[in-house]
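Visitor: Could you slot chain B onto chain A? The hints should help.
There are 2 protein chains.
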Amino acid sequence: MPSPTRRTRLVQFDVAPGRPADNTARMLEAIRQAQSDGVELLVFPEMAVPGYLLGDAWERESFLRECERCGREIQAAAGGTAVVFGSVGLDWKRRNEDGRVRKYNALFVAHEGRFLGPSGGPYPFVVKTLLPNYREFDDSRHFHDLRKLALELDRPLRDLLRPVELNGLALGCMLCEDAWDSDYGFSPLAALAAAGADVLINISSSPFTVNKDRKRRRVFARRVAALRRPLLYVNNVGLQNNGKTVFTFDGASCAYDARGGVLPAGAPFEETVLTLDLAPGPAAAFGRPLATRGDTVAEIAGALLYGTGRFMALCGAERVVVGVSGGIDSAVVAALYRRLLAPRDLLLVNMPGPYTSETTRGLARELTANLGCLGVELPIGDSVALTRRQVDGCEARSADGALRERLALTGFNMENVQARDRSARVLAAVASAFGGVFTCNANKSEATVGYTTFYGDLAGYLAGIADLWKTEVYALARHLNTAVYGRAVIPAGILDIVPSAELSAAQDVERGQGDPLVYPYHDALFRSWVEHWNRATPEDILAWYREGVLEEKIGYDGKVEAIFDGPAALIRDLERWWDLYQGTGVAKRIQAPPVLAVKRRAFGFDHRESQLGATYTRRYAELKASLLT
Amino acid sequence: MPSPTRRTRLVQFDVAPGRPADNTARMLEAIRQAQSDGVELLVFPEMAVPGYLLGDAWERESFLRECERCGREIQAAAGGTAVVFGSVGLDWKRRNEDGRVRKYNALFVAHEGRFLGPSGGPYPFVVKTLLPNYREFDDSRHFHDLRKLALELDRPLRDLLRPVELNGLALGCMLCEDAWDSDYGFSPLAALAAAGADVLINISSSPFTVNKDRKRRRVFARRVAALRRPLLYVNNVGLQNNGKTVFTFDGASCAYDARGGVLPAGAPFEETVLTLDLAPGPAAAFGRPLATRGDTVAEIAGALLYGTGRFMALCGAERVVVGVSGGIDSAVVAALYRRLLAPRDLLLVNMPGPYTSETTRGLARELTANLGCLGVELPIGDSVALTRRQVDGCEARSADGALRERLALTGFNMENVQARDRSARVLAAVASAFGGVFTCNANKSEATVGYTTFYGDLAGYLAGIADLWKTEVYALARHLNTAVYGRAVIPAGILDIVPSAELSAAQDVERGQGDPLVYPYHDALFRSWVEHWNRATPEDILAWYREGVLEEKIGYDGKVEAIFDGPAALIRDLERWWDLYQGTGVAKRIQAPPVLAVKRRAFGFDHRESQLGATYTRRYAELKASLLT
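Same order as they appear, the protein sequences are chains A and B. Position one of the first sequence corresponds to residue 128 (our numbering), numbered consecutively onward. Position one of the second sequence corresponds to residue 128 (our numbering), numbered consecutively onward.
With the rest of the complex left out, here is chain A (with noise of 0.2 Å):
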């Protein structure tokens, strides 16, 4: 076993997806910058040269050749540095499933202008064990896994998982593995310690959601200090997305010593090198014991901050219009885009409507006057009496006269008229004419059943307050208030008002007449539907209720009782919301704009589902018989 320490350098970078020529110089340049650093050994981030979220973008041949175009240039840089980095393997002999080239999620090790790969394994380059498909991962359905393989070739996969041997030093190299404790019956990581890794290496492309990396930290800590190993951990940062689901990543590389101390690589979401002398093997002491807790909101703010701003310009965004109701979702998604614009590339625009109250609108202004940024109030009045004008009325006939109907709009089809109103007239017309984008301020409570409207508030070119509940937007508020600005930018008043649509006579603020959730069991309630392991359904609620452990199942902090009147009425509830969660609520996420993820079950990728309808099972028919008699 070696005992001189080697320099070493993690490279946490930018990594631009579907921009292999562009991640590719910039990689060269930090190899050039190692070698006269006397650096020997450099590590990058797993698909450091294509990227990852690429949708099918991965069947393109013409970008596969590019990405291997880029890994021959790193190989011919790489002269006496070792240089570990993460691209797509290829085997162009060889077909996947969808009977297109073979990819593989692949780590190469390039040195002396030589790929190096696991000693006895078929190709210079080390494969993916375990693929990611759950999530907002796909990789099955592009990459062939390590698994495969073992059986085509015939071989105990163990035999493949070997590490890669460099001048005496054994590197155990993986691809974002074995971070979880119970995922997989298998360990990549103690099947290289065994085959005498002194060093592991996890390359990695993680996107950020809350509370991950202090999980991550912990289960690796544990783990190399019971096998003796140093471990270097190197993540990307940037953005990247699949449509639907956009996705920051934080980086948080750091090596781990082989006790469990670990050494971070600089802060969260930034490009950062960490260069370390490595003792490999049980001698690796260099880090520091873990940070045990951190400030969920804190996090959550930097990474819509940091998701935002790189969202804007991945959409060469540079303005934005907020549509400001005076209520707090908005008032929100107008503080974060303060921090990321100056005054004159942000306008605030207020659409007061027939039931808006004076009390919202002073908000508004008083919102838009706390952030100094550009203003505008524009009525709604005028259009929505036109267009009850023009239809409310207005006679459908045939041609030849035999059938004729008179079109009428209710109350609550003018509701959604003002509603579209406001954003695809007033809002895209407003944007356009200032030459930028406009957001969508709903939340996820909202998105999860649907309180919005098709064209209305649902549109926007983010959605980037959808990942939080109401309750978590209210969190924000404040801790922006507090932390972010240290001033109440978003006025108490916003904070303590009463939330509502203002969208008829039924929703006066002024008489406390808001919405028809009561936030923190309805944020409880659908956390479960949503973000549960297990994905809660009626039955489960009312299997839970009938235990009388509900609320500890559903994580509310108050009592149902104090809420609905009986099962009756709490029944009566849960139905209304499956309903709407699991009909129009699917429809209209169908044609949300993309959500910006930061948590576990962001909608889009992270989240699939079908228009299906609402369903019970006969469990909860059961259930619901037995409580109601």
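Careful, some of the hints might be misleading.
No distinction is drawn between identical chains; accordingly, a pair holds when it is met within one copy or between any pair of copies.
Pairs of lysine-lysine, BS3-like flavour, derived with a Cα cap of 25 Å [said to hold, decoys possible]: (1) K686 <-> K220; (2) K680 <-> K342; (3) K751 <-> K339; (4) K686 <-> K751; (5) K680 <-> K220; (6) K275 <-> K220.
Hints were generated in silico from the structure; no laboratory data involved.
Guide: Below, chain B without anything else, positioned relative to chain A:
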């Protein structure tokens, strides 16, 4: 090997996704009927109990328990009639890779109150060997497969591919596999035949795409003739979706005899049963030679009518509003709906604007008269003028007056104002007043390059023809006139007029000014990007162009020289559309309505994409440089 025939029945039925109790009730009824008819072997489709395309509903344990309960009822009902059906196979003791309960896409054989599994296998059900992750499928996200199981059990895969023994008859059972020649390097069909299967049973839940059934029959017929075994293929009918993409199931169930003859179960898209006296082994000879040709346009029309009708039912839509411009797309959509709806439930709305010609206005009236349904003309001029007055020239300012900016709407901005006014203001209000939904009439050519307006012509409850290129829309129009209606319901003028958005003075149909697309060429070009096996990119296009094979490679009947005055013009056009396809085109598809799929690579789940912006490979840049010098 057994010689007596067995009375066998294939049940092609309409599987309701996510509704196990409903499906099971229908299956139990079919079992009772089969028992009274003396059927010995009764075969239902893959995933007949739960349905197939369910998104993450597979993660709901309450749903899985419901499926298991349904399975027990079928098990109890199956007496002397052996019942083959698909459902989810559960192993509550093991975990999938996502940490949840272990699930399989499974085939069950219920007989005499018991489930019969493959001889020597670990479960009382057949596990799907090859999980599809390509196209619209996500099987590895939810299900474990036989290969991983073989690795875990440390047994060769072929050991687990054994027939199910049923009273001396060896059933070689599989799930929707092995239909294609090249996708897998492995044939479960051949393995089961080699293991002694007397009859092969392939249950399936395979969506319709045009020409797929003919290809499948050709491959299966060849296989069974080589293996000398009859094969029973049972697929479901109905509609299932992945949210963004809506799939029809045509069934196309049939029995193959041991020489490759085919006995179809009935018409596509229809519930049907096929009862036959099956002679197992090489003696089976009941089929007819294959039909080798079909009518593509007729197949597409059939799928669109079926899918649209079923999607309306799914959404609870009984009345439909179509905005008709006098152009081809909306005319085709209106003509399709008229086949599904009484004239009183279909309302065509023409919305003339400042640039609408008398010609298209007249054609819209003619179409409405031909279809005999309701119509109304609702001009948008007043509203568009109101929006211009309100936004153009209005001043935004900061509260302290330090910042001031006067907004100005350009001509291009006003084009989008018109499009949004039509859909988000008029059509949405009319649809709600009419008690119905309104349609999105975008075709695949427009959807590819985002030649649509957000919240304008991109809006609607379903994009029913968005899987058809513009040239296919014309073919469908002619088919509707000649074969479906037998008269020119779509006026000749609509087929003849130049396609145009009529949103500016430069799009004057009276002067032959229309869309900036040469449809036959651009359809072929876009098809190569979207539907080509390896997803052509500008690099491929230029390489083909340089080799003089572009027309052949993309399937364009004309000559590019007739369109472009040299390589510079071709390249300028190529980059213009590629930038849109990869730029705002993606953003628009994210917010587009569900797409009804009829071909390979419908947008959505069969064409996953990320917002990455348009990129070009370095090889493209080199080809471009060489062509321009």
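Visitor: Are the hints correct? Go through all of them and say.
Guide: Structure-based check of each hint:
1. K686 <-> K220: So K686 and K220 fail the 25 Å test inside a copy (63 Å) and across (35 Å) alike.
2. K680 <-> K342: Cα proximity of K680 and K342: one copy only (22 Å, versus 51 Å across).
3. K751 <-> K339: Classified as neither: same-chain Cα gap 37 Å, cross-chain 45 Å, threshold 25 Å.
4. K686 <-> K751: within (20 Å within a copy, 69 Å between copies)
5. K680 <-> K220: between (52 Å within a copy, 23 Å between copies)
6. K275 <-> K220: So K275 and K220 pass the 25 Å test inside a copy (16 Å) and across (24 Å) alike.
The structure fails to meet hints 1, 3 from the earlier list, while all remaining hints are met.
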